[in-house]
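S.K.: One letter stands for each residue in the lines below.
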Amino acid sequence: MLSVLIFGPLVAGLVVFLLRDGRQAKTLALVLAGLMVVWMGVVLARFDVAVPGIQLTEFMPWLPNLGLNYHLGCDGLSVSLLALNAIITWIVVYSTPVGVVRPQLYYGLVLWVSGGLAGAFAAQNALLFALFYDLELIPIYFLIGIWGGARKEYAALKFLLYTAVSGILLLGGILALGWLSGQADFDYGHIRGTVAGLPLAVQWTLLLTLLLGFGIKTPLVPLHTWLPDAYVEASPPIAILLGGILAKLGTYGLVRFGVQLFPDLWLQLSPGLAVWGTAGVLFGALTAIAQKDIKRMVAYSSIGHMGYVMLGCATATPLSLVGAISQMVSHGLILAILFHLVGVVEAKVGTRELDVLNGLMNPLRGLPTVSSLLVLGGMASAGIPGMVGFVAEFLVFQGSYQVFPLLTLLCVLGTGLTAVYFVILLNRTCFGKLDNRTAYYPPVWAAEKIPALVLAGLILFLGIQPHWLVQWSEQTAQSLSLTTVAVAPQVSRLLPE
Amino acid sequence: MTTATLEPRTKLPPSQHEFAEVVHRLEAGGAMVPDTPENLMQIVGIWYAYAVPMDFYWRDLLYIGEQVFLNPLAFRKFFISEEYLNRHNHYAGDDADLRIWRGEATAHPELLKFIRQGETRPLPRWLHHLWHDRINMEFAEECMRAMLWHRGMGGQFDPYLDSEEYKQNADRAIRAYFQGNPLMLGLYRLFPEMFLEQCRQASYYANLGLFWEIMAPVFFEIHDQYLEGKIATVKDAMNFIVNGIFAIAGRPIYHHVYIRGECYEVIPKSKGFMWLYEAALPYVEAVFYRTSPFRGTKSYNAQAGMVPDKQEDFHYGVLYADKFPVGTAGIPPTLLAQDMFHFLPDYLLDYYRKHCRKEGDMLIQLAISFQRSMYCVTSAVFQALRAALLYPLDDPNPRHLLANRRFFEAQLDRFCRPEYGIRDAARLSYIQTPDYR
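Taken in order, these protein sequences are the chains called A and B. Numbered per this note's numbering, the first sequence spans residues 2 to 498. Numbered per this note's numbering, the second sequence spans residues 20 to 456.
Bear in mind the hints are in silico, worked out from the structure with no lab data behind them. Do not take every clue at face value.
Unchecked claim - List of simulated lysine-lysine pairs, DSS-like, C-alpha gap at most 27 angstroms:
| id | chain 1 | residue 1 | chain 2 | residue 2 |
| --- | --- | --- | --- | --- |
| 1 | B | K288 | B | K186 |
| 2 | A | K293 | A | K159 |
| 3 | A | K349 | B | K377 |
| 4 | A | K349 | B | K373 |
| 5 | A | K153 | A | K434 |
| 6 | B | K132 | B | K96 |
| 7 | B | K377 | B | K132 |
| 8 | B | K96 | B | K30 |
| 9 | A | K349 | A | K434 |
| 10 | A | K450 | B | K377 |
| 11 | A | K27 | A | K450 |
| 12 | B | K329 | A | K434 |
| 13 | A | K27 | A | K153 |
| 14 | A | K450 | A | K293 |
| 15 | B | K373 | A | K434 |
| 16 | A | K293 | A | K153 |
| 17 | A | K434 | A | K450 |
| 18 | B | K288 | B | K96 |
| 19 | A | K434 | B | K377 |
| 20 | B | K373 | A | K450 |
| 21 | A | K27 | A | K349 |
What the hints assert, rightly or not - Okay, the calculated bits of chain B under chain A, using three or more residues with CB under 8 angstroms as the criterion:
| id | segment |
| --- | --- |
| 22 | 329 to 343 |
| 23 | 378 to 388 |
Small disclaimer: the values here were computed from a predicted structure and weren't measured. Even glycine gets a Cβ: it sits at the ideal position worked out from N, Cα and C.
Isolated chain A (complex conformation):
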């Protein structure tokens, strides 16, 4: 069942490569991405939220001598990110302009990335995970390097170097994990059982190696410097792909490999990790405030929001883990809508400069729908109640406050700072008055609004009905949690039905 989510896009990507008529590429990619969303619905329907462990498993021996098996399955963490991947892929394909150059290559690569991501999220074998993890590298390099902005080569190369290091660290860590534990099987279940038997120094080394690898991918401060360039130089759809789902590989790895495989060490390390996450929150927010380019501002906001995930993971209570997983989904949706809208603004107005943009809320000559949705996206990112961002951040804070009250308060301050830079962005961009001489922007077509409307609908729906966001991961988070805080309330008691 899960294989469809992997091989559907991979095979379709190959077919798209081979198409002679470029105009058919988008249609085929769109149909496939839509089918994947539908199929994901089937997966969700068959997923039993009451079961904490792995479900919908698929197993096929591949290279047993190497410990590499085709072993798939999903728990609450995986299924949430698989769903996000399906939605974001459709958004990316739909929001790509019709006239994109070399469409066969473009859509083929996007589908490959999507299939690879699905493989990584569904993999139950560490080597298989590493394989899919590294499968993303080259397609994304091309997607930035060919279809990016003015400094695309630089950004693509920087992304390649950073994530290649991340991949090497990850692969090294996984191989060492298997070999040092004397296991010939890299399935998560087997590894988990043997890690505790390793010498403490070895465990520390392995955990730090994996942390570094996933820290680059997430990215966590100060391993983040590839992110602003990659996000800003990538075309808006690719920025959505990067920030919306690809970066979640890092946070997924933190939970899957950090929390799940090294529970004792993770607990010892958690204060430091929480400080790390909080530093990311404050750094991201303060740096975003200083930006003059709205895309770069959104990119830095992403760094800040990954800090919340880190805080939730570090705390590792049932509630904070549900919050962290929810934050991954929430951030994916919010970042996608923001990047899409920023892309529309840039395409219509011709600039992303905060000092130049003004008055886009103007009902006749501005971009009123885009501006309204931008306001909604900003509010969601700032954690305004009624939207998905609030639910995720609230759960993280509720979970982490019992363990790290001061750091949680600092992160709450971070959400305040998020509101600050979004107020700056919205005030300068959407409000004020248009310039009589220059405001002859082309209209925004319905097709350009649809991705944002879909995302806005999800942001609102999951904000008003958070049950649909957290129910998938509640049991998984319970089983993954490392800290039992006596006063930690159940998620279901915190959220309305």
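Dock chain B against the given chain A, drawing on the hints supplied.
M.R.: Below, chain B alone, put in the same frame as chain A:
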């Protein structure tokens, strides 16, 4: 009657004014707007679209000034009576005092059709009103209030409103109006100035109504002549207005109130207040130049010196107005634009459909056309004043031509107000290019 169509035989050295090109155009008898077929089409077309609602404005203004008067609960002041809708315009129809428009004297057929069914379908008028499917009198009232608020703009009408004679006339009318209403009469005894001020406002309702009663047929006739090919240039259109100004300059401005069938002359015709000096010029000054900062989403900051201390220095009129209805200068343009939108001639609709966002931003496109057309009207006022106060454009005496030039340059100086940081605020430089839409 004087027209401004002659080329000067005596040449002056080129003007050094910032708007030298415009000065030279005015000296040649032209307008501030470049004389192009495209501009002419916009100007004449928008005048027609303006004249139809204006045909309602003047009728309702007179209805309010003469019939509604001081009604404190004037909920129906925009629902004018059939009598006023059928009232004969004094400058159109067979029984006109001076026939400017060859059409009918009663309300324009397009206006009557619109009042009946609006943009939706035939419904009771109050439903059209609540649905805003109507002529928006708020714009006309805003113009009236601009004239009332910017008092002291010259002429005799305005000082007369403070005279004892006016107060006595108003007193008679107020007492008659509230006869048998002890509450209002008691309030009048307590706050006489408040009632008097309301009476002055009613006088300005009448003033503006009488002004627009003339302008509507003027614009209709220009449009008809344009379609017949008799008006072929912007200069022709402007000169029609100049000639019209002189032809009707002496039309009396008065304020009569009708209470229970009896006429109370608050401002009698016998005072001799003339249309040109007591209505037209104050209107141009108040509405084209001054008005007040538009109450939009972004306000001017008076504490920061963004609003002039003196009212005569206000520069928020239609000539300065921002085309975007997001609070800057000008009388709230959106309601007028909405009114004109209903009556755009087909050729103008086709023109707008070829530019910018087509139907999507037609309200802005027509607001720009309206601004261009008002520069043309202002040019007519310049030329009329020049003809009345100074010298012919073909005067052989260079000193006279120089005096004309000083006059034109002084007028254009009003569009440059660097002392308020708004050197570019007036849209004179904008309308010189067709790309300003």
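S.K.: State for each hint whether it applies.
M.R.: Quick rundown of the hints versus the structure:
1. K288/B - K186/B: holds (16 angstroms)
2. K293/A - K159/A: Within the cut-off at roughly 22 angstroms; holds.
3. K349/A - K377/B: Between K349/A and K377/B the Cα gap is close to 16 angstroms, so the pair holds against 27 angstroms.
4. K349/A - K373/B: holds (19 angstroms)
5. K153/A - K434/A: violated (33 angstroms)
6. K132/B - K96/B: Holds. K132/B to K96/B sits at ~20 angstroms (cutoff 27 angstroms).
7. K377/B - K132/B: Measuring from Cα to Cα gives roughly 26 angstroms; hence the hint holds.
8. K96/B - K30/B: With a Cα-Cα distance of about 55 angstroms, the restraint between K96/B and K30/B is violated, given a limit of 27 angstroms.
9. K349/A - K434/A: holds (17 angstroms)
10. K450/A - K377/B: holds (19 angstroms)
11. K27/A - K450/A: holds (18 angstroms)
12. K329/B - K434/A: holds (26 angstroms)
13. K27/A - K153/A: holds (23 angstroms)
14. K450/A - K293/A: This hinted pair holds, its Cα atoms lying about 25 angstroms apart.
15. K373/B - K434/A: Satisfied, since the Cα-Cα distance of roughly 25 angstroms is no more than 27 angstroms.
16. K293/A - K153/A: holds (20 angstroms)
17. K434/A - K450/A: holds (23 angstroms)
18. K288/B - K96/B: Given that 27 angstroms is the threshold and the Cα spacing comes to 25 angstroms, the pair holds.
19. K434/A - K377/B: Within the cut-off at roughly 21 angstroms; holds.
20. K373/B - K450/A: Given that 27 angstroms is the threshold and the Cα spacing comes to 24 angstroms, the pair holds.
21. K27/A - K349/A: Measuring from Cα to Cα gives roughly 22 angstroms; hence the hint holds.
22. 329 to 343: Held - the segment 329 to 343 of chain B has 3 residues with a Cβ nearer than 8 angstroms to chain A, which meets the minimum of three.
23. 378 to 388: holds (count 4)
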